[in-house]
Amino acid sequence: MSSHKHLFVVIPLLIITLTSMSSIIVADARNLLEIGFPDIPKPELPDFPEIPKPELPHLPEIPKPELPDLPEIPKPEL
Numbered sequence: 001m002s003s004h005k006h007l008f009v010v011i012p013l014l015i016i017t018l019t020s021m022s023s024i025i026v027a028d029a030r031n032l033l034e035i036g037f038p039d040i041p042k043p044e045l046p047d048f049p050e051i052p053k054p055e056l057p058h059l060p061e062i063p064k065p066e067l068p069d070l071p072e073i074p075k076p077e078l
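Numbering (this note's numbering), first residue to last: 1 to 78.
Incorrect hints may have been included.
[As the list claims (entries may be wrong)] Computed spacing ranges between beta-carbons, pair by pair: (1) Asp39 / Leu18: 36 to 44 Å; (2) Pro43 / Val10: 57 to 65 Å; (3) Glu44 / Pro65: 43 to 51 Å.
Honestly, the hints are just simulated from the structure, not real lab data. Ideal Cβ positions, reconstructed from N, Cα and C, are used throughout, including at glycine.
With the hints as constraints, model all of the structure from the sequences given.
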């Protein structure tokens with residue numbers, strides 16, 4: 001019996017708390033939409049110095065290896 005008396009107090013407090021929390025979130029979201037951001041000038045980047053490319057050594061040509069012919073396997077006849 002005493003637990004029913006507590007529910008009559010707890011439920012309205014719970015409803016009031018939940019509704020007040022949701023209105024704060026909506027108000028904060030509205031403030032985010034109204035904020036304007038200032039235009040920031042894009043800084044000029046300095047030019048990169050040219051880096052000399054390394055000279056690659058000449059690779060000698062490798063001859064293509066000759067593969068031996070595969071022997072033919074006789075096909076069995078039925």
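Structure-based check of all given hints:
1. Range check, Asp39 to Leu18: about 41 Å between beta-carbon atoms, so the 36 to 44 Å window is met.
2. Against the hinted window of 57 to 65 Å, the Cβ-Cβ separation of Pro43 and Val10 comes to about 58 Å, which satisfies the hint.
3. A beta carbon spacing of about 57 Å between Glu44 and Pro65 contradicts the range 43 to 51 Å that was offered as a hint.
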